[in-house]
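*Asks:* Each chain, letter by letter, is given below.
Number of protein chains: 2
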Amino acid sequence: MSGLRDDQRRFIDQFACLLAPWGMPMSSGRVNAYLLLNAAPVSVNRIAADLKMSKVSAWKAARSLAEFGHVRRYGEPGSKRALYGPSEDFASPFRKQSSLLGALGTCFQESAATIGSPETSVLLQEMAKFYFSLQQAMERGVGEASQKPIV
Amino acid sequence: MSGLRDDQRRFIDQFACLLAPWGMPMSSGRVNAYLLLNAAPVSVNRIAADLKMSKVSAWKAARSLAEFGHVRRYGEPGSKRALYGPSEDFASPFRKQSSLLGALGTCFQESAATIGSPETSVLLQEMAKFYFSLQQAMERGVGEASQKPIV
Numbered sequence: 014m015s016g017l018r019d020d021q022r023r024f025i026d027q028f029a030c031l032l033a034p035w036g037m038p039m040s041s042g043r044v045n046a047y048l049l050l051n052a053a054p055v056s057v058n059r060i061a062a063d064l065k066m067s068k069v070s071a072w073k074a075a076r077s078l079a080e081f082g083h084v085r086r087y088g089e090p091g092s093k094r095a096l097y098g099p100s101e102d103f104a105s106p107f108r109k110q111s112s113l114l115g116a117l118g119t120c121f122q123e124s125a126a127t128i129g130s131p132e133t134s135v136l137l138q139e140m141a142k143f144y145f146s147l148q149q150a151m152e153r154g155v156g157e158a159s160q161k162p163i164v
Numbered sequence: 014m015s016g017l018r019d020d021q022r023r024f025i026d027q028f029a030c031l032l033a034p035w036g037m038p039m040s041s042g043r044v045n046a047y048l049l050l051n052a053a054p055v056s057v058n059r060i061a062a063d064l065k066m067s068k069v070s071a072w073k074a075a076r077s078l079a080e081f082g083h084v085r086r087y088g089e090p091g092s093k094r095a096l097y098g099p100s101e102d103f104a105s106p107f108r109k110q111s112s113l114l115g116a117l118g119t120c121f122q123e124s125a126a127t128i129g130s131p132e133t134s135v136l137l138q139e140m141a142k143f144y145f146s147l148q149q150a151m152e153r154g155v156g157e158a159s160q161k162p163i164v
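Listed in order, the protein sequences are those of chains F and E.
According to this note's numbering, the residues represented by the first sequence are 14 to 164, in order.
According to this note's numbering, the residues represented by the second sequence are 14 to 164, in order.
Isolated chain F, as found in the complex:
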């Protein structure tokens, strides 16, 4: 793909705007959406040119997206010739999130008894239970969603 059509730009902006309130920088959101539009992996230079952003911004965005499993990196580790493409395993960030819920639950549980007032203790115990329960639901949900056949 060379250059972007209007509808593609709208898709990229819409995606980035939806993710921005969640803490994903707009540049990362735009790179993420852009990569979804490319069947074949593309270079950082190409990303930067098509999205009219600096190469450094494009590289940082692509690297952090790949770290989190949002996109896939092709090429030798450390190589500057890395290519990036969409990840087929789009459940990956959600599996990571479900691990995080467990880690937070453990953090709350371990601190609940000693860290503060009795009210704090009750709140942290409630939060720990909530996070563990949500972790289980999310793991089940990711498993089920991944198995849905494509009609």
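Rather than coming from a laboratory, the hints here were simulated on the basis of the structure.
Be careful, since some hints might not be right.
To be verified - With a straight-line cut-off of 20 angstroms between C-alpha atoms, the simulated DMTMM-like cross-links for lysine to aspartate or glutamate are:
(1) K73/E to E139/E
(2) K73/F to D26/F
(3) K109/F to E152/E
(4) K142/F to E157/E
Computed from a predicted model, the values in this text were never measured in an experiment.
Dock chain E against the given chain F, drawing on the hints supplied.
*Replies:* Using the frame of chain F, we list chain E on its own:
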């Protein structure tokens, strides 16, 4: 609470470090954890003093946390005398996340047919189904987790 004990500082740092890879700024993570330790709502000045951060940083962090439902704001809208405390409704950010999954699913679904190559179309359709399915699982999970009695 005036000043923080070592175990409280560790809790605050641990919480902030767990959330940082998810895009939550360390300052927001620290304010969030700090507020969990206080049964009574506290002022921005107090947050800033206990966490040794600037008032502007503390205010920005507290405001964005409250917008997202992570913490609760007390006081008149726009007032500089706002107090912040933990939210009892800790399911709120997850309900927002489940709405986001639906919005992303719709974004993928609406664009799938026209936005790119046939491969892109298949990928976006798969992603739309995955996001809708995960949205349902998450809504169910949040509902179930919220109803768990505290033992």
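*Asks:* Could you run down the list of hints and mark each one as holding or not?
*Replies:* Verification of the hints:
{"no.": "1", "hint": "K73/E to E139/E", "verdict": "violated, 38 angstroms"}
{"no.": "2", "hint": "K73/F to D26/F", "verdict": "holds, 18 angstroms"}
{"no.": "3", "hint": "K109/F to E152/E", "verdict": "holds, 18 angstroms"}
{"no.": "4", "hint": "K142/F to E157/E", "verdict": "holds, 11 angstroms"}
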